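Asks: Heads up: the protein sequence lines correspond to chains Z and B, in order.
When we follow our numbering, the leftmost residue of the first sequence carries the number 53, and every step to the right adds one.
When we follow our numbering, the leftmost residue of the second sequence carries the number 63, and every step to the right adds one.
Since no wrong hints were added, every one of them can be taken at face value.
In silico lysine-lysine, DSSO-like type, Cα no more than 27 Å apart, as pairs:
#, chain 1, residue 1, chain 2, residue 2
1, Z, K448, B, K177
2, B, K108, B, K177
3, Z, K448, B, K118
4, B, K186, Z, K448
5, B, K113, B, K186
6, B, K108, Z, K448
7, B, K186, B, K141
8, Z, K448, B, K185
The set of hints was computed from the structure by calculation and includes no laboratory data.
Just so you know, these numbers come straight off a predicted model, no measurement behind them.
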Amino acid sequence: MAHIFFDHISTTPVDPRVIEAMLPYFGEKYGNPASHIHDLGQTALRSLDAARGSVARMVGAQPGEIVFTSGATEANNLAIKGAAAGSKDRRHIIVSEVEHFSVLNALLPLRASGFETTVLHVDHDGRVDPDDVRKAIRPDTLLVSVMHANAEIGTIQPVSEIGRIARERGVLFHTDATASAGHIPVDVEAIGADLLTLSAHNFYGPKGIGAIYVRKGTRLESMLDGGFQEGGYRAGTENVPGIVGMAAAAEIAMAESVGWADRLAPLGRQLWDGLEASIPLLHFTGHPKERLPGHVSFWVEHAEGESLLLLLNMQGVMAASGSACSSNLRGHDEEDLVASTVLKAIGVPSDICTGSVTFSMGKDNTGADVAHVLSVLPAIVSRLREMSPTWLDYQKQQGG
Amino acid sequence: MAAGPYSEKVMEHFMNPRNVGEIENADGVGEVGNPACGDMMRLYVKVEAGKVSDAKFRTFGCGAAIASSSMLTEMIKGKTIDEARAITNTQVSDALGGLPEVKIHCSVMAEEAVKAALDDYSKKHPG
Ligand code: FES
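Please work from the sequences and hints to get the whole structure.
Replies: Here it is, written out as structure tokens:
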């Protein structure tokens with residue numbers, strides 16, 4: 053059976069070169085960088101420094117501006133809560149409504165402690181209007197946080213413009229580059245970011261390791277009490293194998309990601325055109341041009357998202373959905389099933405018959421994978437529609 | 063078989079749903095929906111000599127909803143009206159080998175659909 057992974061936005065396979073780079077750091081080079089008087093500790097410390105250099109170069113930063121974390125969730129929490137804790141009298145934060153939960157939910161305790169927040173709406177393509185950012189900035193605004201690219205709908209935000217506006221007004225700018233880094237160029241200077249979130253497993257590195265770029269001079273309070281690792285921003289013995297793996301993934305991405313994007317963009321186009329031609333009542337989501345390469349997202353009428361994914365899986369195609377029915381199968385009651393906030397934000401009706409799908413290709417996908425998906429999906433959609441009472445009604449309405 | 067989050071029985075019914083379709087001149091039709099996820103089930107029943115002689119469904123919904131609909135139609139066929147009415151969502155989900163907690167409401171939709179279809183039958187056939 054086919055085995056086609058079209059869910060790279062949730063995670064990516066670890067590149068074999070990354071695994072190879074990591075392996076010695078478990079059983080052989082297991083030293084703790086904090087205990088660097090002896091050889092093993094010294095080896096770990098040097099590897100840590102080198103890794104910091106690689107990750108810094110990937111985003112155009114200085115090595116001293118990279119703080120390793122357990123992943124993007126921790127990095128986003130540190131950006132939002134750390135900046136808030138470091139603020140003297142600025143008590144207002146601006147975010148977009150399509151941010152990841154680790155940004156949106158990090159605001160909850162801040163609101164409870166007296167911070168005010170502005171949540172910016174996005175347009176139908178999922179984009180923030182930089183002008184809205186300008187208008188929302190107040191004298192007491194501390195931070196603007198708008199992601200670089202959205203995982204679910206692929207839309208790339210006008211971060212450089214937003215960064216420029218924030219800079220002009222003396223406001224910190226954080227961007228979550230989890231979905232974009234390693235796939236499209238991410239440069240802290242071009243973006244004008246003061247804080248930027250990275251996640252290794254989203255660009256062929258291991259899970260459990262990420263980083264935050266902290267522009268020199270940015271006031272940020274650490275959230276963990278402990279030792280003085282990571283410049284005092286993040287206590288705890290460093291995950292050396294993970295960090296080495298992240299650095300190896302960063303080096304690979306720097307050398308190869310332009311080539312990946314050049315190959316994936318036309319494959320995405322091919323998939324887009326094929327779907328458009330073969331499935332009626334299908335609506336693409338996200339910006340048609342300003343989007344991640346190889347990312348195609350859409351919803352179809354009269355076929356539910358979870359059912360679509362189950363049938364795709366039976367054909368060897370693994371993808372994601374933002375439909376309520378597929379949202380949280382390990383929850384405890386139906387309250388745990390909620391349609392994606394991103395889809396709501398761009399106006400996809402959640403109360404009628406919608407099945408949303410996100411296809412995200414990776415560097416190892418091929419044209420044959422696209423062809424396979426195009427050969428099975430129309431039949432899957434028809435099959436579910438044939439079973440749906442709403443489709444029957446729709447056809448009667450059409451007089452067919 | 064790749065089962066994902068469901069039991070094999072659920073997947074078997076999801077992949078090969080029984081009794082999909084509609085019954086022309088059905089004796090009772092019940093339609094229930096779940097506003098939380100936008101799902102909908104329509105059940106058609108044929109009643110002969112006080113028993114459900116045929117049942118067909120159309121469902122818009124998740125794997126559990128489709129499997130529950132399919133299982134339900136199997137369970138009510140041949141039952142008296144009272145017996146069919148007495149079927150609970152727990153019986154449907156048990157027959158499917160259990161459902162994830164968040165998916166229990168999908169089997170509730172099946173239970174409600176029988177009641178709605180039989181109510182419709184009673185209304186159309188008073189006495
Ligand atoms: S029908 Fe929506 S969760 Fe089952």
